[in-house]
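Engineer: Protein chains in written order, with this note's numbering: chain X, 1 to 348; chain C, 349 to 696; chain W, 697 to 1044; chain R, 1045 to 1392.
Calculated directly from the structure, the hints in this document are not laboratory data.
The reader is advised that the hints may include incorrect statements.
[As the list claims (entries may be wrong)] If you want the footprint, here are the derived chain X segments under chain C, 3+ residues with CB under 8 Å: (1) 11-22; (2) 318-330; (3) 335-347.
[Stated by the list, open to error] Quick list of in silico lysine-lysine cross-link-like pairs, DSSO-like style, CA-CA up to 30 Å: (4) 139(X) with 40(X); (5) 736(W) with 1386(R); (6) 572(C) with 342(X); (7) 56(X) with 142(X).
Yeah, the Cβ is synthetic: ideal placement off N, Cα and C, and Gly gets one too.
4 protein chains.
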Amino acid sequence: MIRVGIVGGTGYTGVELLRLLALHSEVEVAVVTSRADAGKKVEEVYPSLRGYIDVKFTEPDIETLVDCDIVFFATPNGTAMQMAEHLLARGIKVIDLSADFRLKDAKQWSQWYGIEHTCPGLIAEAVYGLPEVNREAIKQAKLIACPGCYPTAVQLGFLPLIENNLINSQCLIADVKSGVSGAGRKAELATLMSETGESFKAYGVNGHRHLPEITQGLSNVAGKLVGLTFVPHLTPMIRGIHATLYGQLISTGGKISLEEIQVLYEQRYQHEIFVDILPQGSISDTRNVRGSNICQIAIYQPQGQQTIVVLSVIDNLVKGAAGQAIQNMNLMCGLKEDLGLKVIALYP
Amino acid sequence: MIRVGIVGGTGYTGVELLRLLALHSEVEVAVVTSRADAGKKVEEVYPSLRGYIDVKFTEPDIETLVDCDIVFFATPNGTAMQMAEHLLARGIKVIDLSADFRLKDAKQWSQWYGIEHTCPGLIAEAVYGLPEVNREAIKQAKLIACPGCYPTAVQLGFLPLIENNLINSQCLIADVKSGVSGAGRKAELATLMSETGESFKAYGVNGHRHLPEITQGLSNVAGKLVGLTFVPHLTPMIRGIHATLYGQLISTGGKISLEEIQVLYEQRYQHEIFVDILPQGSISDTRNVRGSNICQIAIYQPQGQQTIVVLSVIDNLVKGAAGQAIQNMNLMCGLKEDLGLKVIALYP
Amino acid sequence: MIRVGIVGGTGYTGVELLRLLALHSEVEVAVVTSRADAGKKVEEVYPSLRGYIDVKFTEPDIETLVDCDIVFFATPNGTAMQMAEHLLARGIKVIDLSADFRLKDAKQWSQWYGIEHTCPGLIAEAVYGLPEVNREAIKQAKLIACPGCYPTAVQLGFLPLIENNLINSQCLIADVKSGVSGAGRKAELATLMSETGESFKAYGVNGHRHLPEITQGLSNVAGKLVGLTFVPHLTPMIRGIHATLYGQLISTGGKISLEEIQVLYEQRYQHEIFVDILPQGSISDTRNVRGSNICQIAIYQPQGQQTIVVLSVIDNLVKGAAGQAIQNMNLMCGLKEDLGLKVIALYP
Amino acid sequence: MIRVGIVGGTGYTGVELLRLLALHSEVEVAVVTSRADAGKKVEEVYPSLRGYIDVKFTEPDIETLVDCDIVFFATPNGTAMQMAEHLLARGIKVIDLSADFRLKDAKQWSQWYGIEHTCPGLIAEAVYGLPEVNREAIKQAKLIACPGCYPTAVQLGFLPLIENNLINSQCLIADVKSGVSGAGRKAELATLMSETGESFKAYGVNGHRHLPEITQGLSNVAGKLVGLTFVPHLTPMIRGIHATLYGQLISTGGKISLEEIQVLYEQRYQHEIFVDILPQGSISDTRNVRGSNICQIAIYQPQGQQTIVVLSVIDNLVKGAAGQAIQNMNLMCGLKEDLGLKVIALYP
């Protein structure tokens, strides 16, 4: 059994890790930390876990984590970068669900996150945990930077078009809609039900922290810096991300048909168990992946014009966070990639 | 492997059976019928099942079902009573999720359901599938009448009080709130999101079909006809039932304390894996059982007065329908009672 | 024009006062205070008011309020009792939407609200602002204690039964469901959309602050202390309260028919413009009063038994707060009672 | 008083007309037709209108409408084109909220709407009822084709950019999100709360009926055929449209700053009471216009790049339907343009 620790067990990504790991056949959840709830039983805070997790929250410190084989950080940004080095030094693998090691440029990181990066030395070593791009590196990794939720949906949706140089990489548009759980489990006015229920809005239009992450990922694939307009929105539901992606076929693009693009997507992801290319004409509805680790993708070319529209949906807490983290863990531990992740979406 | 057939696979209880059975280790879903969608692949109608269920909907007829070991009816009322006899005659066990065999009095059934009962001969043989009351009979049964969603939440909540004759069985009050999936997957004005979203209402105050079913169940336990006021409500969410139950302690009741009642509930359900008595003072929130087969119960005695308040919550589609049906199947087939039902609630 | 001041303009009752007063033909909103937002324009915080309210938030102090004719307190409990005396001394009328002056017993108030009452001397003078009970006193009042949202719905629903001594006043049951805006505009975990959306729960079962207020009001009418079990619930919507009330007809009750009770309700409220008795058999749906000052009531006698069920619905922010406050203001100022309150519910 | 008739009073646009017209000081609602509910009182079907509308639904026929001065069609497509001619012949003005007269090309209309246009002769006479573009023509009009909801939000958002030739009109992108009331009050599976709640999806990606309407409107302004990619989405709320519009500044565009574009929008709409340009950096949230006739617009230029992002929000049932229709009526009748439309959005 793999002994797992979770630092920051009281956020939504933390409790989602618990939901999935509690039924993972090769994992024992040994430590769950929470400064606020230390001393309480996990099931006391999360009655949905009664009977499944018999652990108490403890204070987050290195010593209580040293008996773990793997430690997940489901913490606010800025925490993992202070503890990762100590854990790695003890031979413990680290999977960070926060943003601390996602950007390769520490200076850029500081600009977007507003704090100094205290552990820039580890950035190079960290593997960006998008298995559909970095599978082999992940298998060898000691430190994983799990992708953000928006970046997961947007990159998986754009990848085949960019890898094949089919669209103009200088004018990508990602219009993305997220459920409110993406904002985390924090007492904030803006995510009260009275504020977000029955309403829809854009936010962070001038620049959201996931912009440099997506740009970095797509630029790596394009082999040059891409130009992306990324507009996130908040939609009145709890879970789910729906990315509507727009790309302009490049001049030679007129020669490729939608059918060919569809085939190209299907081939690109044919061995990916968690990326599902829908048949042409399908609707990609976030409910169809709610609670599951799957990314569903549909491709359109409205009126046969130059604009390709890709719909890419995930559950922000699963493929966009906890599920993807466990997928990484499985790969790092030589387990079947979908162990503990065969969860069917909750419909309706 | 148990070969399972599902008649009426396109309603919410049907698709919920599919979600749970797809991952059940001892079951093969062999036949799924749907008059409307015959010929289509199941995953075409339910993209959430892509990769998990590889069956086409077929027309509902006896011959396509004869190779099954067990057939579930997830049909509107009035269908199971026309097919059950033929299946039983062929040695196939039947689990009916509709109301056809729930009431022991065929005449009463006809009054409430507005159609003639075409198969009264089977009513006596049908076992009411509430395992917490009828486990031994269920194990031997050939035909199961699965309880309704409201009756499950209300009976489990009232049982210990009535079995111990602690409350006046003549003035029971059940104020129950249901998510809209309880109304089924039917094109109806009343359950449009524009009609039910952001609004709360009572309905069926003068008499809901689940009233005689609850009364029958509680009267069996009380040993006499109970008097129940049952008011169902529609609450703007998809899944979940919250029953708020009010009972008046009988005169000798002053001698029993809330602590003693709490113990009594815990003892009554100590071997029941799907009934969870919460610690005193707990909140029973429907989200904590969303997607799971568990009934969570909390008991209160406000201001130490004569009125006992019991909060009983379930997911109407799981413990209130498909999950309970599978629990019955497990019992009938000699399997572990929770096989395929270890599903943790989806929070948030 | 009546010069109005609002203390605490950034809560939901404050902004609802602004929505309604902005279009009130006899009112000028002169002062709106907010410690947090002082200096900002109201429309900056509430873009829905752009073009309707041209005032800046100011610090709450007596001197800025002295030019007002009437001051509304839309503040947390404990604020009005510190300022009311000074305003009254200057001849300014006060309408308190908080709980400070609702209970006639200062000691009881302190027990329920957990702080000392600093202004007990004014309690006797304060008129409980339920026009349907206290209209004449309100017209003469200098200080109004506006009823809470739950107490408004529950009292209006029970009144005719109790005034006519038709039900046993010792075992009243009020099972009440509220939208989340009732919890106020405060950064709190419990009312995040991720916590309250798609879920239903009871809370405060052992004792909610509105219990003594309702008990006081109904006891006044009954002429003796009533016995009430009051269970509040949180329902996943923003606005609306649905009270389901249960009363036991007293022995002589058998002689009164539902039709007679219906007539009795209609007569009791025939001159009340904001209480609407629905025809027999109607559904009282909270959406039908969303945004309006109306209380809709429906009366049932399930199966002709002893239990009378009354459904009483209001918008918690209008008839349960801001609308009722303005109704009081109209009465105090000799205006038409519905001035500024002819607002039709927003459906759908 | 203007005598008004409403054909098709039981859809959401019909009941919204009733909500607004009931309080319009110059209007008497004389006739409301409904095939399904003929004979019933309006308030019976819509309890939110109790006390405000004292009319019975009647069968829709010309003779009952001839005493009206103006008739609104809030009907499914294909009805107005059968009755308009007869009403106009009798001197009655017609405001059609359906799509019958929106497209100037009858053949194109038939292609998108799937039925023959039975009254092509009136198309030329019909004025497209977007006051911000056609005010003077509307004042003289006898027949108004009210814009669709999506077209209203998209056109108002793009107009200043296109009128000033600032963006490339060949690659406009409109990513638009609508609440479910836009789908109408029809018994349909797809808009059940269980289907649309807690989920987000795109639909009609290959071509939505509002595409030719928007294209026609913007092309008129551009002076040439524009190229538009329009992707509508369904968001889990009842009311509201949020259009996120993307335009590429043309080469000379580098010379115009965001500040100048902001000024240009403010000047374009400075005399428009129902178009509100928000200050730079504002969020345009649909709740801020819920129930009101206002379109709020915010303009962004992310990272100072070539892409201009315009956020345009309306209430689909008000500025997107009934409110705009009344605005047209006011203009046609020489009344103040905002008469009956000073309604503040319902927040929260």
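Engineer: Are there three or more residues in the segment 335-347 of chain X whose C-beta lies within less than 8 Å of some C-beta in chain C?
Structural biologist: holds (count 5)
Engineer: Starting from residue 736(W), check that the Cα of residue 1386(R) is at most 30 Å away, please.
Structural biologist: 24 Å, holds
Engineer: Please count how many residues of the segment 318-330 of chain X have a CB within 8 Å of a CB from chain C and say whether that reaches 3.
Structural biologist: violated (count 0)
Engineer: Below or equal to 30 Å on CA atoms is what counts here, so check residue 572(C) against residue 342(X).
Structural biologist: Judged against 30 Å, a Cα distance of about 48 Å means the pair is violated.
Engineer: Check whether the Cα positions of residue 139(X) and residue 40(X) lie no farther apart than 30 Å.
Structural biologist: Status violated; Cα separation ~35 Å.
Engineer: Verify this for me: three or more residues of the segment 11-22 of chain X with a beta carbon less than 8 Å from a beta carbon of chain C.
Structural biologist: Held - the segment 11-22 of chain X has 4 residues with a Cβ nearer than 8 Å to chain C, which meets the minimum of three.
Engineer: Is it true that the CA of residue 56(X) sits at most 30 Å from the CA of residue 142(X)?
Structural biologist: 27 Å, holds
Of the hints listed earlier, those the structure fails to meet are numbers 2, 4, 6, in rising order.
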